[in-house]
Amino acid sequence: MVKDQEFLKSKASYCLDLAKKMGATDASVTVGHSISETVNFRNKSLEASDRSDGLALSIETYLGKKRSSISSSNLLDENIKTLIEKCFETTKITPEDEFNSLPDKNLLAKQISSLNLYDETRFENDKKIKYLKDLEESASSDEQIINTESSFTENKSNFILANSDGFCDGYKTSSFSTSCVTVAKDENSMERDYEFSSKRHLSDIKQATDLGNKAAKQTIRKLSPKKIESEKISLIFDKRISKGMLSAFASAISASSIARGTSFLKDKIDQQVFANSINVIDKPDIIKGMGSQNFDSEGVNSNTLQLIENGILKNYLVDTYNGKKLNLKSNGRSGGTTNLYFEKGNISYEDLMKKNSRSLYITETIGHGSNLVTGDYSVGATGFLVEDGEFKFPVNEITIAGNFKDMFKNIILANDLEFEYSVNSPTMMIEGMTVAGK
Amino acid sequence: MSNFFNKFDLTRQDADKIVSETLNNCDDGELYLEESKSESIMLDDNKIKSSNYSSDLGFGFRAISNEVVSYSYSNEISKDSLKNSSENLKSTLKSIKGTYNHEIPKSNKKFYEDINPIEQKTLDSKLEVLNKVNDFLRKKDGSVKQVTASFAGEHKSIEIIRSGGEALTDVRPLIRFNVSVMLEKNGRKETGVYGIGGRQSYDDYLKNDNWKNVCEEAFRIASVNLESKPAPAGEMKVVLGPGWPAILIHEAIGHGLEGDFNRKKTSAFHDLMGEKVASEGVTIVDDGTIDNRRGSLTIDDEGTPTERTVLIENGILKNFMQDRHNARLMNTKSTGSGRRENYRHIVLPRMRNTMMLSGNQTQDEMIKSVNKGIFAVSFGGGQVDITSGKFVFNCTEAYEINYGKIGSPIKGATLIGDGPSILKEVSMVGNDMMLDPGIGTCGKAGQGVPVGVAQPSILIDKMTVGGTKL
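Taken in order, these protein sequences are the chains called A and B. Those letters in the first sequence? Residues 5 to 442, by the numbering used here. Those letters in the second sequence? Residues 30 to 499, by the numbering used here.
With the rest of the complex left out, here is chain A (with noise of 0.2 Å):
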């Protein structure tokens, strides 16, 4: 069982009451428990089971303006006081930071509702092991694939943030996740795909038959890809690639970045950096959301904010720190985005398709080609060649490349959004990037 409430708020008070008596002037305080359970399979049988309980403790004392912190997953009340002590030594020996403090108390996060992000469901090994069964029945039942790894995770999580300025929240969650992973195999080729599903609700997870039949589908039309020629064509995003996007410009929009001045969208709030036809939301308080919480890292509530309003910047992410240092106020994304997404567009997937005679479908990207500071874009990337609207042939061995500050300006979208994970995007096509192939 993870552990409760009580247990959680006597650590973090104790950790409170030490620091403040040692002399710290302010202090704040995380305690969380953690258990999963996860079953692997491959080719139809049992491969492996892993156990994980884990506790973590991290706190932050503050001498005036001068700030430490320590973090330890041994809670033994002899091993805290070694490291708060030691914490508190650290503090006195840095130098002082003016922006350094506990965030804005009428900031804090009152009342928290619930978002249902717990489920006490227990879906025992046994289940896990019949779920997999069946998953990889249906993924291995065309002759061309090979190999089949799959895994059901479980997981059960409680935690309390406190600090000296009274307050003292945490809730549970859960998370139960499963994915597959295939191999498929011709003459010419060995591809690999996949498909996952992650919920905060058991009962909402995938089928596993339609997740295993739809990562079997996938790797198998990967089979004897063609490399195609250096080009400047239009490129699609599958939902998978295209929320990426938004990833990379979360990063560039953090507080943090700004006040570095090393983002590409430093000093463009209130000016035109997507197409105007372009929003984006990120809204904590989804119903069983995967990225949903009632309040940050720091305790600050969280409110809904429109990033970008008709491709107007309208926003940065920012934590009491960085808000300072910037003049603002934390809008309670210490700890970055909730769950984030693009709203649709106004063309269906079969129209962004056939919008162009031919143009590259994408569905995965490798390698670690996004420069923020830049905004320069240049990936591996894996994909389909389409014409008038049909997939032609696999595509792989290319690079695609571009400038973030271009793309995000000629992004059209599609309208079918769905609501699966902590970022989401609809299908999205750019043109006027170059592929580099032959």
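Read the hints as simulated data drawn from the structure, not as lab findings. Here a beta-carbon is modelled for each residue, glycine too, at the ideal position from N, C-alpha and C. Warning: the hint list may mix true and false statements.
So these bits of chain A aren't anywhere near chain B, every CB distance computed over 12 Å [unchecked claim]:
id	residue
1	14
2	101
3	110
4	145
5	171
6	173
7	187
8	206
9	251
10	293
11	316
12	332
13	369
14	392
15	435
In silico BS3-like links for lysine-lysine, alpha-carbon gap of 30 Å or less [unchecked claim]:
id	chain 1	residue 1	chain 2	residue 2
16	A	348	A	210
17	B	150	A	409
18	A	24	B	150
19	A	272	B	150
20	B	174	A	69
We have chain A; now place chain B onto it with these hints.
Just chain B now, kept in the frame of chain A:
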């Protein structure tokens, strides 16, 4: 050396008894105990942004029978906790019986000293170095707009207890010192990053004001990039500089030669043992035994002493990298490559220091032989799709080559290639093998472990460069 017992109510005798009783009917497994202390101190934006210290303690209990691995970890090294884990392992393996393999090789060699780098340098003197870095760079040139400098240190103690009570221990120091600088000139911004590190004390790396060299190198990379032009797009010849660019070897070849992917036949290399996979003159080894290197280990995380494993010899595929589990199933021996990020994770076969050995040509000869191509000197990260064999890495410093001469610097571009065929495109191997500066972390299945790479300059006849200029 940490004493893991009697912190809670568990004695060594209790642990031996539970381990032996749990693993008796299994093929392999062990109790892995770990205590680590780590620190990170960062200066950013003219201020000490963070100073964090953390301590971590826990165990991971593993039982293996046939192909099934059962694993359980906890932070509490107590009787109850270990018994719970034992029950958990037994319930997974209840219907599969094995015969425990007690054999584990022994060695007295050590590849680093038993030191605690965190305690060997005072916090004051670390802060002093960080402030000096900041002042030095900001005074150096008016274009410097941002400086980040950091220390990261770790002291990790492990103990492995096998069935029958055999215990193996290791103490592993690790440090890293990093500088990142952002320049702005004529409205353009570029960053340069450089770092050093390994398994010695901070001062071993920082003596003779070596921090200045780290600053100069980060500044130089950023300055070069300020002048960069859009990179070309398409297939062309690529000359790689020595040292860190060997992450190409790590991504393109290394991962594909890890035992697990080959046992499962999901690696593009699984049926190529004994075959020619590289040009003649190409020899690649994975070596865990180089003194004080970031990727070196006295014993791996299963207790096997590490070794120098020849992967490719003169173009021929010779060996895969193995942990005990995959070695047993493939009827071979562990190469001391069983590694894990920490006690929360299962062991996987991983790389240590992956190196392409020197040939006899010069970098100059390579550049002169290229009409149109690029010269890549420094890289960011890389990634590989094991199954299709396609891999990428990102240049952070590269130049055009025009008619045998190095031309303008080009913007960061991704290079993409095919692992099983790329080494056949190597047409020249340099005489200038160099180790990387000690900064690599390799990610696999969500676990990061410190690694090293090395190579001489090489000429690759055909690779796709992912620029924007057609």
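Earlier hints that do not hold, by number: Structure breaks hints 2, 7, 13, 17 and 19.
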